[in-house]
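K.L.:
Per full-length UniProt numbering: the sequence shown = residues 1 to 333.
Incorrect hints may appear among the rest.
Calculated cross-link-like contacts (lysine-lysine; reagent style DSBU-like; alpha-carbon spacing at most 30 Å) [as the list claims (entries may be wrong)]:
id, residue 1, residue 2
1, Lys292, Lys180
2, Lys63, Lys249
3, Lys195, Lys180
4, Lys180, Lys249
5, Lys180, Lys330
6, Lys330, Lys292
7, Lys248, Lys63
Label pairs and their computed distance ranges (CB to CB) [stated by the list, open to error]:
id, residue 1, residue 2, range
8, Ser7, Asp264, 36 to 44 Å
9, Leu27, Asn99, 39 to 47 Å
10, His125, Ile26, 17 to 25 Å
11, Ala198, Cys146, 48 to 56 Å
12, Pro158, Lys29, 33 to 41 Å
It should be emphasised that the hints constitute simulated quantities derived from the structure, not laboratory data.
Note that the Cβ used here is the ideal one computed from N, Cα and C, for glycine as well.
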Amino acid sequence: MKNGKISESVLKRSVLKQLHTTSDRILFKPAVGEDCAVISMQAGDQTKLVTATQTFTLDVSDKHVRANCAVYDALNNIYAMGAGPIGIELALLVPTTENEAVLRETVRAIDAVCEEAGIVVLGGHTQVSRAVKNIVVTVTAIGEACEQALTPSSAAAPGMDVIVTGYVGLEGTAILANEKRAELETRFSKAFIDKSAAYIDNISTAMEAASAIGAGVAAIHDASQGGIFGALWDMAEASGIGLDIDLKKLPIRQDTIEISEFFDINPYKLLSGGSLIIIAADGTRVLRELEKTGQNAVIVGATTDSNDRVLISGEERRFLETAQTDEIYKVFN
């Protein structure tokens, strides 16, 4: 199989179809596009436990990059579900070639990100293994939400506005600028690379999610692996809707375009932590709320009652493909 997140067909065939145990305490069963588990703790209690798990496997040297991506890739799922995080469970697989000092610095970096996010490390597991060649970080974020505030991907309906916040490909751009600096210096200035590398501190979606939920939304999905194209597909698949998306309206920074061109990758299929897809009946109202806190957001299209997920660029119309392996794995092969 290919490196990275498995394809939708493999997920459905070899993972989801193998899960047969159900529980009336679980609000949403495992499905494409639903990244959180929502659990009822006791009958009649409107407060739900929300969990989400993400694994960061890229072989990066910058511990701050690893920590930010590992923690926020999980937390952003919690924010997108309308929940407030409490803390994380942390699992570390460490190769035998690493020393204790590297482990200590890695944990210290993760703890610093948690402090910034206002959460704690609740527990976890750490193991040294010959099965890995670099540190692998798995984060399970744990939060809580009132049932009425939940914003699952499956709640999107036809005839609604599609909003994208932040900038697509931002997380991948930051990782590449931090980890592939020597290669990028053959074309770009130090100032250009430094600016792109600093985006790693802008991948939390806590503020955007809170502002949007306060304005009234149907569904939110965070864009991470597979980029904005993958996230749009997953959102549509979860809710069984179609999409009409104006490609030219998708918010993207020029340095993301230039760095993607340098590595010959598609920026719309690149790690997009820091960006949310929001589905709302009144997108303009949501934009006003986001603008109050200085958040970048654009209405990029609408949901439809067909099965077609369409990308529009001027007179050209083409179909969105099922979520693909993230482009960053072409660089970190």
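K.L.:
Going through the numbered hints above, which ones does this structure break? Give me the numbers in ascending order.
P.N.:
1, 2, 6, 7, 8, 11, 12
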